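Protein sequence lines, in the order shown, are assigned to chains S and V.
Numbering-wise, our numbering puts 285 at position 285 of the first sequence, and it's gapless, one number per residue.
Position in the second sequence (from 1) plus 1000 gives the number in our numbering.
Since the hints were derived computationally from the structure, they do not count as laboratory data.
You may find that some hints are simply not true.
[To be verified] The calculated DSSO-like cross-link candidates involving lysine-lysine, where the alpha carbons are at most 30 Å apart (straight line), are:
1) S:Lys326 to V:Lys1221
2) V:Lys1028 to S:Lys327
3) V:Lys1326 to S:Lys371
4) S:Lys327 to S:Lys277
5) S:Lys434 to V:Lys1326
6) V:Lys1332 to S:Lys409
[Claimed, not checked] Here's a subset of chain V near chain S, in silico, CB distances under 8 Å, partners left out:
7) Ser1270
8) Val1274
9) Leu1304
10) Asp1320
[As the list claims (entries may be wrong)] Residues of chain S clear of chain V, computed beta-carbon distances all greater than 10 Å:
11) Ile308
12) Lys326
13) Pro357
14) Arg374
15) Ser384
16) Asn444
17) Asp452
18) Val456
Quick caveat, the model's predicted, so the values are computed rather than measured.
Cβ coordinates follow ideal geometry from the N, Cα and C atoms, glycine included.
Protein chains: 2
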Amino acid sequence: MKAIILAGGSGTRLWPVSRKNYPKQFLKLNGSASLLQQTAERLTKTVSPEDIIVITNNDYKFHVKSDLDFLPLEHIILEPVGRNTAPAIALGIKYCVEKLGCSEDEVIFISPSDHVIKPAGKFARYINLSEKIAKAGHIITFGIKPDRPETGYGYIKVRSRNSEFRNQKYFKAERFTEKPDAKTATRYLKAGDYYWNSGMFAFCIKTMIEGFQRHVPQIAKMLDMSFDEMAANFKKMPDISIDYAVMEKSDKVVTVPLDIYWNDIGSWDSLYDVLDKDKNGNVSAGDVLPIDTRNTLIIGEKRLISTIGLEDCLVVETDDAILIAKKGEAQKVKDIVNTLKKRGRREASEHLTTYRPWGSYTILEEGPRYKIKRIVVNPYEKLSLQMHHHRSEHWVVVSGAAKVAIGDKKIFIHENESAYVPKSTLHRLENPGKVPLEMIEVQNGEYVGEDDIVRVEDHYGRKHEKL
Amino acid sequence: MKAIILAGGSGTRLWPVSRKNYPKQFLKLNGSASLLQQTAERLTKTVSPEDIIVITNNDYKFHVKSDLDFLPLEHIILEPVGRNTAPAIALGIKYCVEKLGCSEDEVIFISPSDHVIKPAGKFARYINLSEKIAKAGHIITFGIKPDRPETGYGYIKVRSRNSEFRNQKYFKAERFTEKPDAKTATRYLKAGDYYWNSGMFAFCIKTMIEGFQRHVPQIAKMLDMSFDEMAANFKKMPDISIDYAVMEKSDKVVTVPLDIYWNDIGSWDSLYDVLDKDKNGNVSAGDVLPIDTRNTLIIGEKRLISTIGLEDCLVVETDDAILIAKKGEAQKVKDIVNTLKKRGRREASEHLTTYRPWGSYTILEEGPRYKIKRIVVNPYEKLSLQMHHHRSEHWVVVSGAAKVAIGDKKIFIHENESAYVPKSTLHRLENPGKVPLEMIEVQNGEYVGEDDIVRVEDHYGRKHEKL
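Using the sequences and the hints, build the whole thing.
This is the structure we're talking about:
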């Protein structure tokens, strides 16, 4: 059995904390491990680590790498472009067959990377069960028994009274529905034979390939290519979910009801549900001072957040944006993100801190003709060989050691030492040491945009654009 | 007639914007002028600028100076310590008599520095009226006709049916009351002969001196000293308000009802009342994105503030602290400030930006062994000649020119140039130019507290502690 984790999403429903440049699955929202780490941890109770594959994209590759250090690098599959779940799963299947030499009878378990599920032990038993059912030729969807008329999830209607499934361990899936309105959701809840669609699946490789052949020839056709061809032509894939492409159409689909706690952390409201509350029903993280405040989520990053007389609110503070919402209305966060996108605002998709394979940089301050950054370079890492035409840079090391190339000059600078990089001068920054290098960069010039950069060699030392 | 403006207060009821190091009277809360500037502006409709005196303290001297540049420097009286209104007024009276040579019949108008009053024209007529009444030997308090059972103000009960005041332009003041509870306030409102105590007064010098002699001998005694002696012994003054010291006891007190708009901006709630609302009843300043938000005050400084489904809330964001309160509960802001004080938190009294006579500095970032500041030095200003034993400093000029003395070295550095100040080395920073000097300072060392500083000469060039 192989487990494929889908980790290419760039969810913005937890904006301003989750953004395209650092999305939900990599966040430590409910403890010391990221949601991706928790997902892998859960799976390793039944699947051995070397049987886990992660599908993500190039921007997130190093996040996956640092979150799942046990993972063989070649088990991180990169989608050239985002194309929803069906193409991603097809790419994963191709990878298992061609690169890992899986037989057509191999069972594959598909899991999102950003859900909370507990207890892990009980969940593991469901995975084992699903392997048996999948080997019998079924495509398995996992359903959650609803405990409220939730309008935020898709539902699966099952045929509950059904001779061939007398054991009740699983049901024939009859119909998949979109997110319902409140009235419909209430009806589903009453009916009793509707389950939340958890977004997890299990199937034999051949069963799913048949499914593609019968229902999405566009994708089936590409399965005949080699993995590399398929990846190269990935953008031609239809942008379509596995539910819509196969599940809703195939007659092989069954639903295994999961009697466990499941939460897709699809909004600040649902995060509030997951976390432990204090005696006033508040959830708070960071530097928080609540007065007469009840049933409120307060997540701070740096700044002091003081509240007075708040009830049923959500307060989320980041370096550059603050969200204050009435509980129950958190789904409107997407309206904010869309508005920001329309206005071309950086805050829609990027944090002030940008993570790179070599470390990270944070914009501390931006003025008319200057920009100040804190740069952290991880041990033994180096940045690309580069130059800027419109800005010069002043570097002051505040901790660690830096190996600096400026023009033909190569020097080491240490804590409390500085270096100056003139305009249009090739330079490279490197951390030769064993501890992170932390330095302050003061940029100066008529233009201090990120795109004023000419890369000659990337951080792996590979040649780039010509000068 | 002289007008004395009391501008020594360090109000924290508008925390986090108003703090001890930059209090309310200097803030531009309702337009382009600070409350102090608006106060002076109002008074100059009847009093000539050179007849205006401001009582404040040394920390605020340069704020007053830059807000009221028309004011002769010697008209800024500095209280050595804060001692409430009675001692302040006594000091002001002494100043008028000894330094300005006022006669005992001179009328003095006392005004707080942080209230909103309109229209100014009508207010001016009341001041003229009060001069006549004061000359007749009365001590005048100005009352505002209540339009709601306000619990946030003190009240004055007047004797409304009163032969000697048939003209109804003023009444005999019968009783001063503390802030009442809601029930009592409602009774006052019904009664019709209660007025809000506006904190403004007018009187002849001799009338008030008599008042002190009769009711507060402690203060009267000090009035026999010279102004300089009085200032030197100011800390011996009783900490007492003029209301309590004289108004409540004297039989000369009358109340002039003011039929104008008056607001003491005593809380975020009352600021909301003063400001113009949009069609949703919202008041917003800064980078704000409200969705389904009503009757809410949102004041942002730098960060994007997005709100969803808020109603009747107050949101105030500053560099280091955020306040989110339900409207009507803003008076609890003092609980927050007190809690912060108890915990020894800087945020209780200081902003990240500190204003000095020579300019200002802002803490951009603080780490274990470093601190980053943006320093702004006004044209022709200089800092003290100083040294630090535990930190060295890297300076990078981002705009303007700096004249820098480091040890015996004297150099000029300009935009995009830098300088290094080693530990325990005397240095001085100066702006010799015509535009503000803006520079980034990266401090480095085992201790980066503000108190690691040895001043040899202050910014006026006066010798300081010995080396």
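Hint check:
no. : hint                  : result
1   : S:Lys326 to V:Lys1221 : violated (60 Å)
2   : V:Lys1028 to S:Lys327 : violated (34 Å)
3   : V:Lys1326 to S:Lys371 : violated (37 Å)
4   : S:Lys327 to S:Lys277  : holds (15 Å)
5   : S:Lys434 to V:Lys1326 : violated (50 Å)
6   : V:Lys1332 to S:Lys409 : violated (60 Å)
7   : Ser1270               : violated (15 Å)
8   : Val1274               : violated (20 Å)
9   : Leu1304               : holds (4 Å)
10  : Asp1320               : holds (6 Å)
11  : Ile308                : violated (4 Å)
12  : Lys326                : violated (3 Å)
13  : Pro357                : holds (24 Å)
14  : Arg374                : violated (7 Å)
15  : Ser384                : holds (23 Å)
16  : Asn444                : violated (4 Å)
17  : Asp452                : holds (15 Å)
18  : Val456                : holds (24 Å)
Figure legend: structure checked against the earlier numbered hints; hints not met, in rising order: 1, 2, 3, 5, 6, 7, 8, 11, 12, 14, 16.
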